[in-house]
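Asker: If you want the building blocks of each chain, they are given just below.
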Amino acid sequence: MSAYIIFGLLIAFMLTGMPISIALGLTVLAFLFGLSDIPIETVALKLFTGIEKFEIMAIPFFILAGNFLTHGGVARRMIRFATSMVGHWYGGLGLAGVLACALFAAVSGSSPATVVAIGSILLPAMAKQGFPPRFGAGVITTSGSLGILIPPSIVMVIYAVSTNTSVGKLFMAGVIPGLVLATLLGLTTWYRARKNNYPRLTRATWRERFVALRDSFWGLLLIVVVIGGIYSGIFTPTEAAAMSAVYAFIVAVFVYKDLNLKQVPKVLLDSASMSAMLLYIITNAVLFSFLMTYENIPQAMAQWLLNMGLGAMGFLLMVNLLLLLAGNVMEPSSIVLILAPILFPVAMQLGIDPIHFGILIVVNMEVGMCHPPVGLNLYVASGITKMGITELTIAVWPWLLTMLAFLLLVTYWPPLSLWLPTQLGMM
Amino acid sequence: MKFLDHIEEWLIASLIAIATLIIFVAVVHRYASGIPFFQDAALAINMSWAQELCIYLFVWMAKFGAAYGVRTGIHVGVDVLINRLSERNRALFVYFGLFAGALFTGVVGFLGAKLVLGIYETGQTSADLELPMWLVYLAIPLGSFLMCFRFLQVAWNFRRTGELPRHEVAHVEGLEPEKA
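Residue numbers (my numbering), protein chains in the order written: chain A, 1 to 427; chain B, 1 to 180.
In case anyone wonders, no lab produced these hints; they're calculated from the structure.
Keep in mind that the hints are not guaranteed to be accurate.
Under 10 Å between C-beta atoms, here's a sample of chain B residues computed to sit facing chain A [said to hold, decoys possible]:
(1) Y31
(2) I35
(3) A100
(4) F104
(5) G112
Derived DSSO-like pairs (lysine-lysine); straight-line CA-CA distance at most 30 Å [said to hold, decoys possible]:
(6) B:K2 / A:K46
(7) A:K262 / B:K2
(8) A:K386 / A:K266
With the Cβ distance kept under 8 Å, some of the chain A side facing chain B (calculated, not the full set) [said to hold, decoys possible]:
(9) L9
(10) L47
(11) V115
(12) A117
(13) I121
(14) A242
(15) S271
(16) A272
(17) P372
Glycine is no exception: its CB is placed at the ideal position from the N, C-alpha and C atoms.
Starting from the given sequences, assemble the full structure and let the hints guide the process.
Answerer: Shown next, in the form of structure tokens:
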């Protein structure tokens, strides 16, 4: 009964368009004052201690690191490198776009920023070479979402925090699926370009490739610092995040010189406000899931689902549908914060691996961002391509289908995500 | 008012910078203690408080940053539904959302003030730094009341100008075409 009231309230509050963090908090307050016997002091304390975990602090650090490198100059270097490597194959600049998006998204950590940065530079170049605008738009919109699967990924940190799983394992588990998805999107691009005979570039010389690599190397090293540092045990994930922030600062200001010192406070302010927003949602989501646990809702739901005899297969299908639906109206972090604590206990009872489950959720979030009618990437892409959402929907279709097929693969073939961390002896 | 805005911005930007530096120094320090040449100097400094301080800095940053976020419109909600309504009805929901925000943060502010008073009386201090805990938790009532004020301010501006602050999700610097 209380489950219906809690969810009813939450959904009603959210649909009024108030900030998600406020909707979560108000639901808890309303329930507390009206219907529950939890002492309000317990809750008050929870509200203040919700974010006092060192693991959570990886989030502001990663955001800061990403923001230092979210710059047109970095995007241009990644594009040059990607073009020199794959530009001579079918798909030319489009194929280079997939690779550039993957690299830039991994470093910047933001999908919409990737769409804007790579899109605004690459799309005009593609148009000049005679690619139809829809082709470029489709490539960039979908490839831009690769970032949350390739570490460092903020969504993964959030999942790890809200389900008490290891950030390091999740990061490792994301590597292979990230590469596979990038390859699949590349194949889709290659196939469509070959069929329609789109322009290709002349093959770059090894010298050009080397120069391009040397230019983008410093940015890419960030991924190595994070993954290598965590895996080798040099840093904890939070320390790795702080180191990557310092590293990104040095690269942006002293190596690339994209930023001058005067612009640094602006980057700090933007990162702080973005982090504060996420931390605020986290605080309230912790409160919300405390309320749920207190009312035994996750356990009751787990029992209910188990009684339906859904099985792991059916449950995962249901999870996919639910997340895709949610992905239409909310951004990834909020979805993970609200739904992971509910779905996770059920998944555990069904014997699903926690890391595999995390990767599955992250891939869902990626698809949700490019999914019509209201994926975030679609909106951002619509801004830079001047296409309507309907036209973009048609444009992204081939790549979106690829992503959905990949989602099924990730869902029903756990070794894809679990092989690497197992091989590395992490699990 | 301008003064308050500046302090807010300056505070949160410094907090994130300081927290980053502290963790950076703590990690460097840990490895420096392993190198014979630096060892004596490094062992003389105790950095075990770094983690705790970092958390507290971020708690302060989170509370004041959230208030700053209200002013810049970074706290987004599910607006697909209300955006389909007529201008008049949409405005009603916008007010409802803003006042709900003010109500929630106001209540949390009061709860926080009560908690801080309670902790002040116990004289509790933090584990590593031995900071008085009430000082650490002071961020909650202060941040929440500031946030409450910001919600009301946004509502007031919306009434006057009909505009809400909008945060651009994907702003990237340096995209203007390169000089050759």
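Asker: Was the hint right that F104 (chain B) lines chain A, CB cutoff 10 Å?
Answerer: holds, 5 Å
Asker: Within 30 Å, alpha carbon to alpha carbon, are K262 (chain A) and K2 (chain B)?
Answerer: Holds - the C-alpha atoms of K2 (chain B) and K262 (chain A) are around 21 Å apart, at most 30 Å.
Asker: Please work out if K2 (chain B) and K46 (chain A) have their alpha carbons no farther apart than 30 Å.
Answerer: violated, 34 Å
Asker: Hold the hint about P372 (chain A) up to the distance rule: shortest CB distance to chain B must be less than 8 Å.
Answerer: Given a least distance of 12 Å, the restraint on P372 (chain A) is violated.
Asker: Just to be careful, I want the Cα atoms of K386 (chain A) and K266 (chain A) compared with a cutoff of 30 Å; is the pair within it?
Answerer: Holds - the C-alpha atoms of K266 (chain A) and K386 (chain A) are around 29 Å apart, at most 30 Å.
Asker: Does the CB of A272 (chain A) sit less than 8 Å away from some CB of chain B?
Answerer: At about 4 Å, which falls below the 8 Å cut-off, the nearest Cβ of chain B leaves the hint on A272 (chain A) intact, so it holds.
Asker: Should the hint that I121 (chain A) touches chain B count as held when the rule is a Cβ pair under 8 Å?
Answerer: Since chain B brings a Cβ to about 7 Å from I121 (chain A), closer than 8 Å, the hint holds.
Asker: Does Y31 (chain B) meet its interface restraint, that is, does its C-beta lie within less than 10 Å of any C-beta in chain A?
Answerer: Where the cut-off is 10 Å and the nearest Cβ of chain A is about 8 Å from Y31 (chain B), the hint holds.
Asker: Should the interface hint for A117 (chain A) be scored as holding, given a Cβ-Cβ cut-off of 8 Å against chain B?
Answerer: Interface hint status for A117 (chain A): holds (4 Å vs cutoff 8 Å).
Asker: Tell me if the interface restraint on A242 (chain A) is satisfied: Cβ within less than 8 Å of some Cβ in chain B.
Answerer: holds, 4 Å
Asker: For the hint on G112 (chain B), just tell me whether its beta-carbon gets within less than 10 Å of chain A.
Answerer: holds, 7 Å
Asker: Holds or violated: is the Cβ of V115 (chain A) closer than 8 Å to a Cβ in chain B?
Answerer: Holds. Min distance 7 Å.
Consistency with the previously given hints fails for numbers 2, 6, 9 and 17, ordered from lowest to highest.
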